[in-house]
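Fit chain U to the known structure of chain H by using the hints.
In the order they appear, the protein sequences are chains H and U.
For what it's worth, numbering that gives the first Met the number 0 labels the leading residue of the first sequence as 0, then goes sequentially.
For what it's worth, numbering that gives the first Met the number 0 labels the leading residue of the second sequence as 0, then goes sequentially.
The hints are simulated quantities; they were obtained by calculation from the structure and are not laboratory data.
Predicted, not measured: the structure shown is a model, and the values here were computed from it.
Just so you know, not all the hints are guaranteed correct.
Here's a subset of chain U near chain H, in silico, CB distances under 7 Å, partners left out [as the list claims (entries may be wrong)]: (1) 254; (2) 257; (3) 263; (4) 325; (5) 338; (6) 397; (7) 448; (8) 449; (9) 450.
Every residue, glycine too, gets a C-beta built ideally from N, C-alpha and C.
Protein chains: 2
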Amino acid sequence: MLTDAYQPYVFPNLTRLFSPRSIVVIGASEKPHSIGNLAMQNIVEHSGFKGEVYPVNPKQDSVMGLTCYPDVASLPKPADVVVVVIPAGGVCAAVEQAGEIGCAFAVILTSGFSEADDWGRAEEAKLVEISQRSGIRIYGPNCPGLVNLNLPLGMTFSPAFKDDIAPGPIGLATQGGGLGRNMIQHNERGAQFGLWSSSGNECDLQVADFVHHMAQDPDIKVIGCLVEGFKDGARFAAACAEAARRGKPVVGLKVGRSEYGARAAASHTASITGSAEVNSTVFRQLGVVEVDDLDELVDVAMLFCRKMPTGDEQIAVFASSGGAASLCADNVGMAGLTLAEFTSETSARLAEALPAYANMSNPIDTTSISISHPDAYREALAACAADANVGLVLAPLPMDYGSYSVVNAESLKAVQDGVDVPIVPIWMSERQGEGYHTLARAGLGPLKSLRNMRKALRRWVDYGAWRAAQDSEWRPAIIRTGSGGEPGATRTLNEIEGKQALAAAGVPVTAPEIAQTAEDAVRIAGAMGGRLAMKIVSPQIVHKSDVGGVRLGETVDTAKFAYDQIITNVREASPKAELSGVLIEPMAPEGGIEAFVGVSCDPVFGQVMTFGLGGIYVEMFADVTRRMLPITQAMAMDMIGELKSARLLTGYRGQPTRDLEALAALIARVSDFAEATPGLIEMDINPVWVGTEGEGAIALDAVLVVKA
Amino acid sequence: MLTDAYQPYVFPNLTRLFSPRSIVVIGASEKPHSIGNLAMQNIVEHSGFKGEVYPVNPKQDSVMGLTCYPDVASLPKPADVVVVVIPAGGVCAAVEQAGEIGCAFAVILTSGFSEADDWGRAEEAKLVEISQRSGIRIYGPNCPGLVNLNLPLGMTFSPAFKDDIAPGPIGLATQGGGLGRNMIQHNERGAQFGLWSSSGNECDLQVADFVHHMAQDPDIKVIGCLVEGFKDGARFAAACAEAARRGKPVVGLKVGRSEYGARAAASHTASITGSAEVNSTVFRQLGVVEVDDLDELVDVAMLFCRKMPTGDEQIAVFASSGGAASLCADNVGMAGLTLAEFTSETSARLAEALPAYANMSNPIDTTSISISHPDAYREALAACAADANVGLVLAPLPMDYGSYSVVNAESLKAVQDGVDVPIVPIWMSERQGEGYHTLARAGLGPLKSLRNMRKALRRWVDYGAWRAAQDSEWRPAIIRTGSGGEPGATRTLNEIEGKQALAAAGVPVTAPEIAQTAEDAVRIAGAMGGRLAMKIVSPQIVHKSDVGGVRLGETVDTAKFAYDQIITNVREASPKAELSGVLIEPMAPEGGIEAFVGVSCDPVFGQVMTFGLGGIYVEMFADVTRRMLPITQAMAMDMIGELKSARLLTGYRGQPTRDLEALAALIARVSDFAEATPGLIEMDINPVWVGTEGEGAIALDAVLVVKA
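Chain H extracted, bound-state conformation (with noise of 0.2 Å):
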């Protein structure tokens, strides 16, 4: 199992937010479809809670027949969790006056901070001041509140609340209000959550804390979260890793994979979003379920309550339809999924219960004696849930038939009852009659298309196999640099002193030496022997071809020519550069394949990887592949299988294999080296030449860039 040997963070205590004993409403009104009224609805009537309820409000006596309080200060004693849905303007009175009598939390649903104008931000950063003077915690400002379902309790506002009342184990975090609702309202069709977070402008509490704690709830079992913009994105990693460890599945969903999408919710939560496929890149490594939309969301998270997957599940599908069966295994094939081979026990069963002109091997298609004769259905669901070869059951429905539709579904949870692997049905109709109900009751957790069915059984079997792998060697996602790329003067070093720095920390580099004058040229290019580089020293410089700074090729013989010739052109292209002179060095042997690796600074995640062959494979094909740091050499090998064009480095139409090992070990050591150089900023290592088996790979040429 995962180890918890890992954890760099310390995440708060949530248990009183979520379950608190006691409960302020600063605001609290009787005046109706005010907010603070809404919110004491909720807490009062709503809600299953059992604690002390202290209405907060200097013009009442009482509200909703509790005794009314003027302010915090007269209360007879501090409560667990303060909510807050006074006017922007007394807010930070009110917080304060409650973080100095020891209240643990506040819940600050009110408007108008950061996300509005100058006079909010600088409100706001004075919540974050007496947070971080008085201890009290924040949730907010400008959301629609926290929801415990499982007790239940809503501190909140929305008028929804009451309608969407049903524990469960799934956990949901998200940041705006309005689409956490949308993915609630999934409890029609058997969606169970149980807590949910929905954060607002997050000026202390944020995302990776409500993840942690659902991590450490026993009453969740799988973590949904719906991310806009992260505050902290090391915290968020710190967060996963947390779940993970547990055996949680976290299912995330992030906006900003277009440029649009990045700006709005950049403008809409004021957080920083990054770049999406470093975000991709953090996810997949976390185990972190990365889904396209809200209801796959809800999809995957559903089918994660159903079962947790081995990653080795074959599939079965149980149609009445013969179209609904090919196209249910079409789509099978197309996630890249395996339909399972019945045992001849599993045919048998079949051949029995299902009359001969039956599709009786996968998919099976009944035909229509799932309307004409229900008990020969069932058992022949039955004989195939209980295939040892199958790890879930599909059972496409394409239409609505009414009373017969309700029957097909009884039928379903009947069998189900009885086994353990998962029966899923399809309900591929628009219609959504008494038999879809039926199905979501049970706890079917009906999906809504084939197409849904194909992205949320790919993301569930996926993570089975991120489970297992895990199992033998987990990795933790340790963000030491966290959020890099701060603005500020920044400057490249010269690839002698790139080289040098690299070379220190283990990486394979030509050795170089610079020559001065074209007399200095010569001896070395001596020395040396063989084969020469020659190439313009800088600082002004970075593309030294481009100014005619490079010569490949070169000998002592050709050696002052080349010198000569090399400060010519650079004079001519660029007069105003400093020149330090010529780099030599001798060149790879001939043949080699060129790779690159880069490191970065994502905004939010803080150090990536970007590794690949060079040239067309990046340009035309995109073929990369990225990691957080650390990379160890085996993180690496994974990283170069990755590539779509790996086979260029594992022996492609008879060319020999390259020296693997040694390009893990060259990717792991940069890997190192970006860690423990806390100014870097950027490091660009291209190419990476690579030998065949045995013969290395080395760092070629090297552009670091560093804060100034």
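Chain U only, in chain H's frame:
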């Protein structure tokens, strides 16, 4: 506009099938729940049919108050349609009688034919004979019937028919019935179907005939088709070309995109499924909008009913939740579509209507004024929809807010009534409250998720772009070869024969000569001069390199040795091969780029060309493009541009531009040659050498497989 120059197929006139004046029901019955009774009920009670109905049943005098005839021969006059619901054993005789008295169409619902067993296959073959002999056209057998919802008339036994009666502009052609009913049930959200054919085994009439009919029917604007397998691919292509000519989009879903689906569909419908890649090629070439699932087919068809796209629509997002605005905009970006920039007039109207804290640029977030100030919401929406830059307005609605959602829905409808630009709501919630039904009834065709929106909208816009391109240059899809690739003996031409055939067709090839002896080789090499390629010629050897049968870069000096070496190598590796000699030809100049051109015979769609650059581009990145023949030089240019690696031909990293004109001309000549060579099974020209501009393109090797 598209011309009607191309009409190689004669399609039957199906007017009297879809709109008969008289109907016979063979097997009409009053027995409750019998197929004969259900069919009669649908025609007599649930349809608006005004013509004559003749029940036929030897055991009854009248059925449902109508005079019943003992057999078809006793009918007073021939009918337009004969609906057959008697058991399979009597079908042939009944249809034969119907044909003899001059009935036009037989709709055979009965099962137990080619889908069942050998007896059924023989009976179905008899039906085909009867049809050919008497001229009666056959629909089915083994199908749920035919539905004309615009009359309405249901010649079907489906008990669901009566629940789905509403007219509409969408025609739907399926094979099985279950999945068709699934799509019809999207009438729940306002999808309006007018015709539905579901043609089962298709022993005579097939999907292509129905597509063609719907292309003629003035009440049909859009055609959907779900195909498990094609009876005649060329016919289908011709029908789609006719629909395109008449400006009616065809939206298609083809089962068999994975091995599982292909196998299941083949066993379900006994059709040839063909290759998914070729199918997608054909769809794209014919402008058939290929979709990924049933609900997507309906989504796209509904958008076409709203408005025909121009291809350059810019999108507005109009939301009342910041999260929904962000995620919706994100999906617009992910679809590669453009968010409209509002005119200053629109901005002024929005600023007047909305509060200052709303987001007034695209994506619009009205905030909760959608609830508090419905008039302002409506005015803002009207401003947005009236903007000159906006081609379509998306209105994502993340949750069901009960009566508030109804008010919003009514606002959408009210604004839509005044503008031409489609306003498309996205009902994202699983809960389908009254607001949802209001939208559906208003004809606004709510989409069901952002992902569905992303896919449907992209396809809608793409179709507009395709049509716009066709307006200037319509390329008819002529499939002269029909279904090729029938089994039979084949013969592989040797390289000399192949190149001679290509040269005769105007394809540039190297001019090889053949040496029978080492002395020959020296003489030929001397005459040719320069660097030479030498290759074994043998009818048994296709992969010449594998047996040491190829030597490159030889000269007159090395020709003897090379000849002897090739003969020795081949004798050792393939002692039994007949050797025709050694081919000698000048080598192409160095520095060319290698492409390949292949033509294969798809069992469904006939000759298809595959083009790409060789080696790694195909093998690792599957970077190829395909077209049905014939291919003009202009089409070939498009194909070249479609490659991901196209930049290698157009001057990558300062390399010279390649001779694209010559390459395109070569492709077009190969197409001409393939079309003019009836016995051609397959050809593979690999490599094609492509020089720089002016240097030409030359077929360096060619393998042609022809019928023996």
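Structure-based check of each hint:
1. For residue 254 (chain U), the interface hint holds, the least distance from its beta-carbon to any beta-carbon of chain H being 5 Å, beneath 7 Å.
2. The criterion of a C-beta within 7 Å of any C-beta in chain H is met by residue 257 (chain U), whose closest approach is roughly 2 Å, and the hint holds.
3. At about 4 Å, the closest approach between the beta carbon of residue 263 (chain U) and any beta carbon in chain H falls short of 7 Å, and the interface hint on this residue holds.
4. Because the closest C-beta pair between residue 325 (chain U) and chain H is about 4 Å apart, less than 7 Å, the hint holds.
5. A hinted interface residue such as residue 338 (chain U) counts as satisfied when its beta carbon comes closer than 7 Å to some beta carbon of chain H; here the least separation is about 6 Å, so the hint holds.
6. A cut of 7 Å between beta carbons decides the hint on residue 397 (chain U): the least distance to chain H is about 4 Å, and the hint holds.
7. Among the interface hints, the one on residue 448 (chain U) holds; its C-beta lies about 5 Å from the nearest C-beta in chain H, closer than the 7 Å criterion.
8. Look at residue 449 (chain U): its Cβ gets to within about 5 Å of chain H, closer than 7 Å, so that hint holds up.
9. Annotation: residue 450 (chain U) was flagged as interfacial toward chain H, and the flag holds, the nearest CB pair being 4 Å apart, inside 7 Å.
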